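Undergrad: Chain residues, written in single-letter form:
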Amino acid sequence: MKRSHLRHAVVAAAAALSLTTMAARAADVDTKRLLEADKHPADWLTYHGSYKSWHYSGLDQINATNVKNLKVAWTHATPRSTRGLQSFPLVVDGVLYYSGSFNQLFALDGATGNLIWAYKQKLNEDLVAKQTHSPYNRGIAIGFGNIYMGTLDGKLAAIDMKTGKLNWETKLVESEKLTVGFTGAPLLVKDKVIIGSQGGEWPYRGPIFGVDANSGKLAWTFFTVGGNDESDPARKTWGGDSWKTGGGGGWMAGGYDPKTNTVYWGTANPAPLYDWGGADWKTTGARPGDNLYTTSVLGLDPDTGKVKFFHQELPHDAWDFDSAVGEFVMLERGGKEYIVHANKGGFVFVYDRNLKVENVWQGVKNINFVKSIDPKTGELIGRRDMAEGKHEALCPYIAGGYSWNSGTYNPGTGLYYKVANEWCMDLEVVKTTPILEPMAQLNIGSNFTVNKTTPDGGKARGHVSAYDPFTGKVKWEVEYAQPPLASLLSTKGNLVFVPDARGWLHALDARTGKELWSHNDGQGHNGGIISYMAKGKQYIAVATGWGGLAGDDYKALWGEPWTSMPTDQGALVVFGL
Amino acid sequence: MQQRLVATLGFVLGIGCCATAVAQISGPMSSGYKPSTAQAQPSTTQAPPVAGKDEKGLDVNKLFAGTCGWCHSNGGRTAGKGPQLMGTTLTDAEIASRIKNGKPGAMPAFGGTFSDDDIKAIIRYIRDLKES
Chain G
1 MKRSHLRHAV VAAAAALSLT TMAARAADVD TKRLLEADKH PADWLTYHGS YKSWHYSGLD
61 QINATNVKNL KVAWTHATPR STRGLQSFPL VVDGVLYYSG SFNQLFALDG ATGNLIWAYK
121 QKLNEDLVAK QTHSPYNRGI AIGFGNIYMG TLDGKLAAID MKTGKLNWET KLVESEKLTV
181 GFTGAPLLVK DKVIIGSQGG EWPYRGPIFG VDANSGKLAW TFFTVGGNDE SDPARKTWGG
241 DSWKTGGGGG WMAGGYDPKT NTVYWGTANP APLYDWGGAD WKTTGARPGD NLYTTSVLGL
301 DPDTGKVKFF HQELPHDAWD FDSAVGEFVM LERGGKEYIV HANKGGFVFV YDRNLKVENV
361 WQGVKNINFV KSIDPKTGEL IGRRDMAEGK HEALCPYIAG GYSWNSGTYN PGTGLYYKVA
421 NEWCMDLEVV KTTPILEPMA QLNIGSNFTV NKTTPDGGKA RGHVSAYDPF TGKVKWEVEY
481 AQPPLASLLS TKGNLVFVPD ARGWLHALDA RTGKELWSHN DGQGHNGGII SYMAKGKQYI
541 AVATGWGGLA GDDYKALWGE PWTSMPTDQG ALVVFGL
Chain Z
1 MQQRLVATLG FVLGIGCCAT AVAQISGPMS SGYKPSTAQA QPSTTQAPPV AGKDEKGLDV
61 NKLFAGTCGW CHSNGGRTAG KGPQLMGTTL TDAEIASRIK NGKPGAMPAF GGTFSDDDIK
121 AIIRYIRDLK ES
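Residue numbers (our numbering), protein chains in the order written: chain G, 1 to 577; chain Z, 1 to 132.
Be a bit skeptical, because a hint or two may be false.
[As the list claims (entries may be wrong)] Which residues of chain Z face chain G? A partial, calculated answer using Cβ under 8 Å: (1) Gly57; (2) Gly66; (3) Gly69; (4) Trp70; (5) Ser73; (6) Gly75; (7) Lys81; (8) Gly87; (9) Thr88; (10) Ala93; (11) Ala96; (12) Ser97; (13) Gly102; (14) Pro108; (15) Ala109; (16) Thr113.
Treat the hints as calculated values from the structure; they're not laboratory data. Quantities reported herein were computed from a predicted structural model and do not represent experimental measurements. Glycine included, every Cβ here is placed at the ideal spot set by N, Cα and C.
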């Protein structure tokens, strides 16, 4: 055999072996691989990057020195991108998977962008047309050969990751009656797919589900409003029958600590959002009492769904500052393990792994729904409870001091990077009654208007801040005239990527905040960003496409370019050197 | 909407049935916060957990504060996520069509929720809107 023939044969054999290995490994995303996600930065295996929720990439081919050479490698236009592209890609063995509006799924070659397969969930489109928090999907989970996706009409679907064919689907929420379904990403923990329903302003009881990852059989349900039965002490924290329509839910993916076998999940606010009970909320109003387990962080047993411990961040949340936003950043310092969790109200809670409060710090400047939160106990000090009638300049605005997209922790700098929003609102609290028939409707409890200025004398705005995650001490801060609404990514290459609302993707020096590179993607960002490796090369993938419940406010607040920005387009844009 | 009380009870009971069908869950322990269980007694001022309209018809002000105001700010007087409704140049027929059919990605379809009389009441409310 000639040398060249021999080389070809070896290459062919290697390629065949590589394909075989890829196929074998692709079906082998299991607990072990998920637990070791940080050791394999070529992949991006869960919504939050790993169970540690760092949104950090250990890749450094692209770094602070060469990022100036970053260019678009490929793009994928996402069909039917109503309300933009809000999802988070995952990558396994060089194949990139992501979801789009109307529960579409795509599998693409991570190096070239070539389509491997596309999947469209069969939806009840009449129902979708009646939904307010729809038709976006924010992310997926992967494992056991499946892509797991919650659907707008209340199902959990498992799609074969090799073929793009539906393996099974399980109906979990009666969306035809309750209007809402699922938009958030599931979390795979051992053999359970855990997913939380939408809730909050919807008059229901916001369940979180554990589903068998292989069979699709429902294993457990946990109601975030009032618990599962009358013996649950949470039931007594709702006056009268208010627990039956109390909102709640868990609309974003949580985290997991394998050492204690605990799933951490943040819950949404109670309904109505604004309670006319005012200062007498313990005994009167729409929902007298603490309203457990709304606006709480839960420690759940993933096998049974039982609550092991919890902390209610805002007892009787009267401001729609739920705990569903905020990733569970798993950290270690001085031999002790912590969880850092941001609340929509603009405070960041530091817990031990049993959810005992270790510290609370304020990351947003304009806050007046409370005067402070006791850093030792988590107790709210100086609550601003609003009775029926008009109230001016409540801060933050309903869209949150921290919105639903994620920050990032970089172990190299030891800093936690997060977008903070400075904005406020006027409102008139009104007594409402929940609408349940013929299908549930929003129950807000006020008319409100966003303000263009803030009490500190500034304008409504945002900033990306680099914090000490334990104390909140700011290392650096970059202000943006409009809050970026997308997630952040930090990398081992000393970079922090900020996808902004105008359409610019910025690369900042993680150590100083200095801008090193930027690129205009042509439309605002309101979704995820990851880094991965395919065929030996590092890429950055970012979701582009504007729209959604926070983004729609930008027209009234800032006019152009958002007045003219399309809200029915989306694309995944991928960068490489 | 007149039969909402009965329907709502059925709906709530349905939820209760679902709850009992899943695994029994014992009481949790809170490490960081102890709820005050004595505080939440049934309230005499709490609105009944049923929807709808009183004998005078649909209370559109409440409807906006509950549902529509999510997008139509300040009761429809100010542009928010959705457009300002006060002073709209749309005809009654166009407003009715938008309420019934919605607008993809912007406004849900409420045709199955509101009767023609309800929609007329909503249009009257919009036409009567004044600066607050």
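Undergrad: Tell me, in ascending order, the numbers of any earlier hints that this structure violates.
TA: 1, 8, 9, 10, 11 and 12
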